[in-house]
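Visitor: Take a look at the letters that make up each chain.
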Amino acid sequence: MKNKIKVFRAVHNLTQEHLAQAIGVNRQTILAIEKEKYIPSLDLAFKISRFFGVNIEEVFIFDEKTPTILQKQ
Amino acid sequence: MLLQSDRMKKNSFYLIFGCIALTLLVLFWYSVELHQPLLIEVAFVIGIVLVYLAKRKVTDIINDERDVKITEQATARTMQVFWVVFCAFSIGAVMEILRVPVFPRPAPGTRPADILPPRMMGYVQLGLLCLMIFLYVGFRIYYAKKYGDFETDEE
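Residue numbers (this note's numbering), protein chains in the order written: chain A, 1 to 73; chain B, 1 to 155.
For the record, the hints were derived by calculation from the structure and aren't laboratory data. It is possible that some hints are incorrect.
[Claimed, not checked] Calculated lysine-lysine pairs in the PhoX-like style (CA-CA distance at most 20 Å, straight line):
| # | chain 1 | residue 1 | chain 2 | residue 2 |
| --- | --- | --- | --- | --- |
| 1 | A | K37 | B | K146 |
| 2 | B | K69 | B | K55 |
| 3 | B | K9 | B | K57 |
| 4 | A | K35 | A | K6 |
| 5 | B | K57 | B | K10 |
| 6 | A | K4 | A | K47 |
| 7 | B | K9 | B | K55 |
| 8 | A | K37 | A | K65 |
| 9 | B | K69 | B | K9 |
| 10 | A | K2 | B | K146 |
| 11 | A | K65 | A | K47 |
| 12 | B | K10 | A | K35 |
| 13 | B | K69 | A | K35 |
| 14 | B | K145 | A | K37 |
| 15 | A | K37 | A | K2 |
| 16 | B | K69 | B | K146 |
| 17 | A | K2 | A | K47 |
| 18 | A | K37 | B | K9 |
| 19 | A | K35 | A | K65 |
| 20 | A | K37 | A | K6 |
| 21 | A | K4 | A | K65 |
| 22 | A | K47 | B | K69 |
| 23 | A | K35 | B | K9 |
| 24 | A | K47 | A | K37 |
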């Protein structure tokens, strides 16, 4: 799952810490999502996109090549 | 007094945690001196309950979904390994209960040797406890790394 959180943060002039505080997660979680180390839940993905005032598809791009959890196991 | 307040900072929590751990350590040695294992057993349960109660009041530790996922996966993997080792040792204890006959049979009136002496069981349990802690810490570090805990920031 690719995402444009870093771009949206830059546009809104926000730090990872500010975004994390606004949506109630740790800064490390925002960093992990940006680096594509962690795929957020649907709930968190909606919170992030709502925070930027855009649709979820504008922030998160579904990549069909990314293996699912079952495929990884 | 700190436990009675509605909110708590994480530093206060760590202070309480340290005090409880120290008290448990003192009680452990005290129960060894008195040969009263029940004392430390009850104290341990009370201590852990107090830690959980205190942790619920901490306001500045954010436990988000990524933390929960890391904890869940580390716990699941620890249990997957641990139950196999635990069962392997437990089979020995079950044999002790069943008193499997040994050959050549002991002379009448003599007690057959214990497969796993009771004192040895204590060492085995201590080993299992240490194994569980090491497994959990190891898996936790692995999953924390996997989900980006040690990623460096460019900001």
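Visitor: Hint by hint, say whether it matches the structure.
Guide: Results of checking the hints against the structure:
1. Restraint check: the Cα-Cα separation between K37 of chain A and K146 of chain B comes to about 7 Å, which is no more than 20 Å; the hinted pair holds.
2. With a CA separation close to 19 Å, the supplied pair K69 of chain B and K55 of chain B stays within the 20 Å bound.
3. Our distance criterion of 20 Å between C-alpha atoms is met by K9 of chain B and K57 of chain B, whose separation comes to about 8 Å.
4. Using a Cα cut-off of 20 Å, the hinted pair K35 of chain A and K6 of chain A holds, with the two alpha carbons roughly 9 Å apart.
5. About 9 Å separates the Cα atoms of K57 of chain B and K10 of chain B, which keeps this hinted pair within 20 Å; it holds.
6. With a C-alpha separation of about 14 Å, the suggested pairing of K4 of chain A with K47 of chain A holds against the 20 Å cut-off.
7. As the CA atoms of K9 of chain B and K55 of chain B are separated by approximately 10 Å, the hinted pair is consistent with the 20 Å bound.
8. For the hint pairing K37 of chain A with K65 of chain A, the CA-to-CA distance comes to about 15 Å; that is within 20 Å, so the pair holds.
9. Distance check on the hinted pair: K69 of chain B and K9 of chain B sit about 24 Å apart at the alpha-carbon level, beyond 20 Å; violated.
10. The straight-line distance between the Cα atoms of K2 of chain A and K146 of chain B is roughly 17 Å, inside the 20 Å bound, and the hint therefore holds.
11. At roughly 25 Å between alpha-carbon atoms, K65 of chain A and K47 of chain A are farther apart than 20 Å, so this suggested pair is violated.
12. Taken as a hint, the K10 of chain B and K35 of chain A pair is broken in the structure, with Cα atoms around 28 Å apart against an allowance of 20 Å.
13. Between K69 of chain B and K35 of chain A the alpha-carbon distance is near 17 Å, which keeps this suggested pair within the 20 Å criterion.
14. Between K145 of chain B and K37 of chain A, the direct Cα distance comes to roughly 9 Å. Compliance with the 20 Å bound is thereby established for this hinted pair.
15. This hinted pair checks out: K37 of chain A and K2 of chain A have alpha carbons roughly 10 Å apart, not beyond 20 Å.
16. Proposed proximity of K69 of chain B and K146 of chain B is supported: the alpha carbons are some 11 Å apart, at most 20 Å.
17. For the hint pairing K2 of chain A with K47 of chain A, the CA-to-CA distance comes to about 17 Å; that is within 20 Å, so the pair holds.
18. For the proposed pair K37 of chain A and K9 of chain B, the alpha carbon gap of about 30 Å is over 20 Å, so the pair is violated.
19. Annotation: proposed proximity of K35 of chain A to K65 of chain A holds, straight-line Cα distance about 17 Å (limit 20 Å).
20. About 14 Å separates the Cα atoms of K37 of chain A and K6 of chain A, which keeps this hinted pair within 20 Å; it holds.
21. Taking the CA atoms of K4 of chain A and K65 of chain A, the gap is about 18 Å. The hint holds against a cut of 20 Å.
22. Proximity of K47 of chain A to K69 of chain B is assessed by CA-CA distance (about 18 Å); at most 20 Å being required, the pair is judged to hold.
23. Only pairs whose Cα atoms come within 20 Å are accepted, and K35 of chain A paired with K9 of chain B is rejected, the gap being roughly 30 Å.
24. Between the alpha carbons of K47 of chain A and K37 of chain A the distance comes to roughly 19 Å, so the proposed pair stays at or under 20 Å and holds.
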